[in-house]
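K.L.:
Protein chains in written order, with this note's numbering: chain A, 1 to 137; chain B, 138 to 237.
Quick caveat, the hints were computed from the structure, so don't treat them as lab data. Treat the hints loosely; a few may be bogus.
[What the hints assert, rightly or not] Looking from chain B toward chain A, a few residues come up when the C-beta cut is under 10 Å (computed): (1) Ser145; (2) Lys160; (3) Glu169; (4) Lys184; (5) Thr186; (6) Glu187; (7) Met189; (8) Ser192; (9) Lys193; (10) Asp200; (11) Gly205; (12) Lys210; (13) Gly214; (14) Val218.
The beta-carbon is built from N, C-alpha and C at its ideal position, and this holds for glycine as well.
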Amino acid sequence: MSEGTIKKFMYVNRKPPYGTVYALESLEVVLIGAAFDQDVSLAFIGDGVYQITKGQSTSDIGMKNFSPTYNALGDYDITKLYVEQESLTERGLSVDDLMDIVYEDEDDDWAEKPSIRVVSRAELADVIAGQDILLNF
Amino acid sequence: MLHTVNKSPFERNSLDACLGLAKAGSAILLIEDGVVGAIKGTTIESKLTETMQSSKIYVLGPDLAARGLSEDKLVDGIQVVDYGGFVDLAAENTAVQSWL
Numbered sequence: 001m002s003e004g005t006i007k008k009f010m011y012v013n014r015k016p017p018y019g020t021v022y023a024l025e026s027l028e029v030v031l032i033g034a035a036f037d038q039d040v041s042l043a044f045i046g047d048g049v050y051q052i053t054k055g056q057s058t059s060d061i062g063m064k065n066f067s068p069t070y071n072a073l074g075d076y077d078i079t080k081l082y083v084e085q086e087s088l089t090e091r092g093l094s095v096d097d098l099m100d101i102v103y104e105d106e107d108d109d110w111a112e113k114p115s116i117r118v119v120s121r122a123e124l125a126d127v128i129a130g131q132d133i134l135l136n137f
Numbered sequence: 138m139l140h141t142v143n144k145s146p147f148e149r150n151s152l153d154a155c156l157g158l159a160k161a162g163s164a165i166l167l168i169e170d171g172v173v174g175a176i177k178g179t180t181i182e183s184k185l186t187e188t189m190q191s192s193k194i195y196v197l198g199p200d201l202a203a204r205g206l207s208e209d210k211l212v213d214g215i216q217v218v219d220y221g222g223f224v225d226l227a228a229e230n231t232a233v234q235s236w237l
């Protein structure tokens, strides 16, 4: 990647956590990719919305609960988590069922702001269309 | 017979295949990613309520908890079991069909 070139990267998440390794692998790649100072966003579509539900408790399935890690994304300047409204609705969920993921805005006296942006399918289509690189999990 | 389903009904047709071939009086247990189908207000809720007129539907509690889904969000009539309950269901039924 040539120095000074900033591309728009989007990580597209469409699987629930824990049943397969996709969600965890996506998060790992997001964190690794954060070192490259690109314009990064995440999309949660379809069953991907279950990755960021609040109150996940994995003590009885013997797996690590990696959901708290999404709260750290803001520290890596990853502040755009797009969630498709239709995906929530189809699954009997609302934004209230999702974690309160926030970031500190350095351009606004480090005010805490929500990272999650619930958007319609049509709005998300526009966001996807504006990306340079799409990584799918 | 005990039928287990471990895939999300929003991604795969495992649950549909199961419901189509499970006879009345079956026990159907949703596990792993399959548990997301047990929530109230989804696009598949009516299929579950229809099935429960002749069969029983169970969901594995630990897999619900892992995905942040609380038991008060379940479709009415679905029973939560733990691992011990899973073993009981397997023992009570003559055979187990795992819809993958």
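K.L.:
Should the hint that Val218 of chain B touches chain A count as held when the rule is a Cβ pair under 10 Å?
P.N.:
Violated: closest Cβ of chain A sits about 12 Å from Val218 of chain B, beyond 10 Å.
K.L.:
A closest beta-carbon separation below 10 Å is what the hint needs, so does Lys210 of chain B meet it against chain A?
P.N.:
For Lys210 of chain B, the interface hint holds, since the closest Cβ of chain A sits about 7 Å away, which is under 10 Å.
K.L.:
Restraint: Lys193 of chain B near chain A, CB-CB cut 10 Å. Satisfied or not?
P.N.:
With a closest approach of 21 Å, the Lys193 of chain B hint is violated.
K.L.:
Less than 10 Å between beta-carbons is the criterion; does Glu187 of chain B satisfy it with respect to chain A?
P.N.:
17 Å, violated
K.L.:
So, Lys184 of chain B near chain A? Judge it on the closest CB pair being under 10 Å.
P.N.:
Since the shortest Cβ distance to chain A is 14 Å, the answer is violated.
K.L.:
Does the nearest C-beta of chain A fall within a distance shorter than 10 Å of the C-beta of Met189 of chain B?
P.N.:
17 Å, violated
K.L.:
Next item in the hint list is Asp200 of chain B. Is there a CB on chain A closer than 10 Å to its CB?
P.N.:
Hint on Asp200 of chain B: holds, closest Cβ of chain A at ~6 Å, below 10 Å.
K.L.:
Hey, does the Glu169 of chain B contact hint survive, CB to chain A under 10 Å?
P.N.:
Cβ of Glu169 of chain B sits 4 Å from chain A, so the hint holds.
K.L.:
May I ask you to test the interface hint for Ser145 of chain B with respect to chain A, counting a Cβ-Cβ separation under 10 Å as satisfied?
P.N.:
5 Å, holds
K.L.:
Holds or violated: is the Cβ of Gly214 of chain B closer than 10 Å to a Cβ in chain A?
P.N.:
15 Å, violated
K.L.:
Would the stated hint for Ser192 of chain B survive a check requiring a Cβ distance to chain A of less than 10 Å?
P.N.:
Where the cut-off is 10 Å and the nearest Cβ of chain A is about 21 Å from Ser192 of chain B, the hint is violated.
K.L.:
Answer holds if the nearest beta-carbon of chain A is closer than 10 Å to that of Lys160 of chain B; otherwise answer violated.
P.N.:
Nearest chain A Cβ about 27 Å off; hint violated.
In the structure shown, a violation is registered for the earlier hints numbered 2, 4, 5, 6, 7, 8, 9, 13, 14, in ascending order.
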